[in-house]
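J.: Since the structure of chain B is already known, use the hints to place chain Y on it.
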Amino acid sequence: MSNKPSTDKNTFRQGILDGIPIALGYLSVSFSFGILAVTSGLTLWQAVLVSLFNLTSAGQVAGLSIMTASGGLIEMAVSQLIINLRYGLMSISLSQKTDKTVTVPARFFLAYGITDEIFGVAAGVDHPIGRRYHLGLMLLPIAGWTLGTFIGAALGAVFPEFLSNALAIGIYGMFVSIVVPKAKHNRGILICVLIAVSISALFYFEPHLSSVISGGFATIIAAIIAAAVGAAFFPKDKEEDAA
Amino acid sequence: MNPVTFFIYLAVMAGTTYLVRMIPFVLFRRKLKNRRLIAFFEFIPYTVLAAMTLPAMLFSTGNIYSAIAGFIAAMIFSILEKSLLTVAIATCLATLAVELVFKFGGF
Chain B
1 MSNKPSTDKN
11 TFRQGILDGI
21 PIALGYLSVS
31 FSFGILAVTS
41 GLTLWQAVLV
51 SLFNLTSAGQ
61 VAGLSIMTAS
71 GGLIEMAVSQ
81 LIINLRYGLM
91 SISLSQKTDK
101 TVTVPARFFL
111 AYGITDEIFG
121 VAAGVDHPIG
131 RRYHLGLMLL
141 PIAGWTLGTF
151 IGAALGAVFP
161 EFLSNALAIG
171 IYGMFVSIVV
181 PKAKHNRGIL
191 ICVLIAVSIS
201 ALFYFEPHLS
211 SVISGGFATI
221 IAAIIAAAVG
231 AAFFPKDKEE
241 DAA
Chain Y
244 MNPVTFFIYL
254 AVMAGTTYLV
264 RMIPFVLFRR
274 KLKNRRLIAF
284 FEFIPYTVLA
294 AMTLPAMLFS
304 TGNIYSAIAG
314 FIAAMIFSIL
324 EKSLLTVAIA
334 TCLATLAVEL
344 VFKFGGF
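Chains B and Y, in that order, are what the protein sequence lines are.
Start counting the first sequence at 1; every next residue gets the next number (this note's numbering).
Start counting the second sequence at 244; every next residue gets the next number (this note's numbering).
It cannot be assumed that every hint is accurate.
[As the list claims (entries may be wrong)] Just the calculated beta-carbon pair ranges, DEER-fashion:
1. Y:T248 x B:D126: 17 to 25 Å
2. Y:F347 x B:A123: 27 to 35 Å
3. B:E206 x Y:N277: 52 to 60 Å
4. Y:R278 x B:T11: 15 to 23 Å
5. B:A123 x Y:R279: 16 to 24 Å
6. B:D8 x Y:R279: 39 to 47 Å
7. Y:T248 x B:L17: 14 to 22 Å
8. Y:R278 x B:F108: 48 to 56 Å
Hint data in this document are derived by calculation from the structure and do not stem from the laboratory.
Given the structure is predicted, the values throughout are model-derived calculations rather than measurements.
Glycine is no exception: its CB is placed at the ideal position from the N, C-alpha and C atoms.
Isolated chain B (complex conformation):
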């Protein structure tokens, strides 16, 4: 196969090195997910399998709540589709930076490792992305994500309830820490987020709505309406002026 000329940073080894900070960050987030999963009713190995096969924080928390509420399979599929829609966009974006070593068969596997953070690093480096680099970049984060879930789930199963409760809320704290700083600096995101929370609260507290619409669909509807309203009023360019 004819490789595009690429710099010596486009290697498996460099990918592994660039993945270390992501893996360390994933340990703590997935630790929280592990705790939340076992306190919600999954077994330790179920929690680990969810993390290994999904590799996504928000999608897993939503999926977990649908599982434990005995939600429908369509609800599960639609929620994962919407919540993880951004990965599709990242895939398109990353596609334009890959070199010729990223063949179609390679894409079938490498696609599994596209997360916010892995994409962020891959998008930020100043060389094309080869399949060896991409593979190296995703390996440690996958290991960290899975191991963190294992540790969290193992401890969550033996900790007393009040301690598990206090740790299980940690993943929501992390979600707050992702959203709030962005909303602080970007008016479009701030308004979207306020709309999303308002609709979500309406579905939760309004007795008729909450009896008809389950939690998974409520999240999807709230997120889509809020993002659509935001996109209508803050399209990409203007929104950057406002920020």
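T.: What follows is chain Y alone, placed relative to chain B:
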């Protein structure tokens, strides 16, 4: 959870998540041009996280007071733009403090 039920859920969940990543990576190579569509995709992660967090976070501990304490801590440390881990630890500690008051404080 019942293993059969679990694996059906897991298959649908992981299958959908994988396809969302794989199909565009294999098929599409062009950039989005529509400014509103780009904005929509930029906003979606934040609206999803926001809708998932509130109000569910406030009912996640089974004790609304400990959860509110955790939420307030998360907001304060997030507005101060502390790291993800710092915010998570602050959230857990604030929740734990109130849980302990309820457990051992004679309420």
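J.: Decide, hint by hint, whether the structure agrees.
T.: Verification of the supplied hints:
1. Y:T248 x B:D126: 17 to 25 Å: violated, 47 Å
2. Y:F347 x B:A123: 27 to 35 Å: violated, 49 Å
3. B:E206 x Y:N277: 52 to 60 Å: At roughly 34 Å between Cβ atoms, N277 of chain Y and E206 of chain B fall outside 52 to 60 Å, so the hint is violated.
4. Y:R278 x B:T11: 15 to 23 Å: violated, 37 Å
5. B:A123 x Y:R279: 16 to 24 Å: holds, 22 Å
6. B:D8 x Y:R279: 39 to 47 Å: holds, 41 Å
7. Y:T248 x B:L17: 14 to 22 Å: For L17 of chain B against T248 of chain Y, whose Cβ atoms are near 41 Å apart, the range 14 to 22 Å is violated.
8. Y:R278 x B:F108: 48 to 56 Å: Roughly 32 Å apart at Cβ, these two residues miss the hinted range, so it is violated.
Of the hints listed earlier, those the structure fails to meet are numbers 1, 2, 3, 4, 7 and 8, in rising order.
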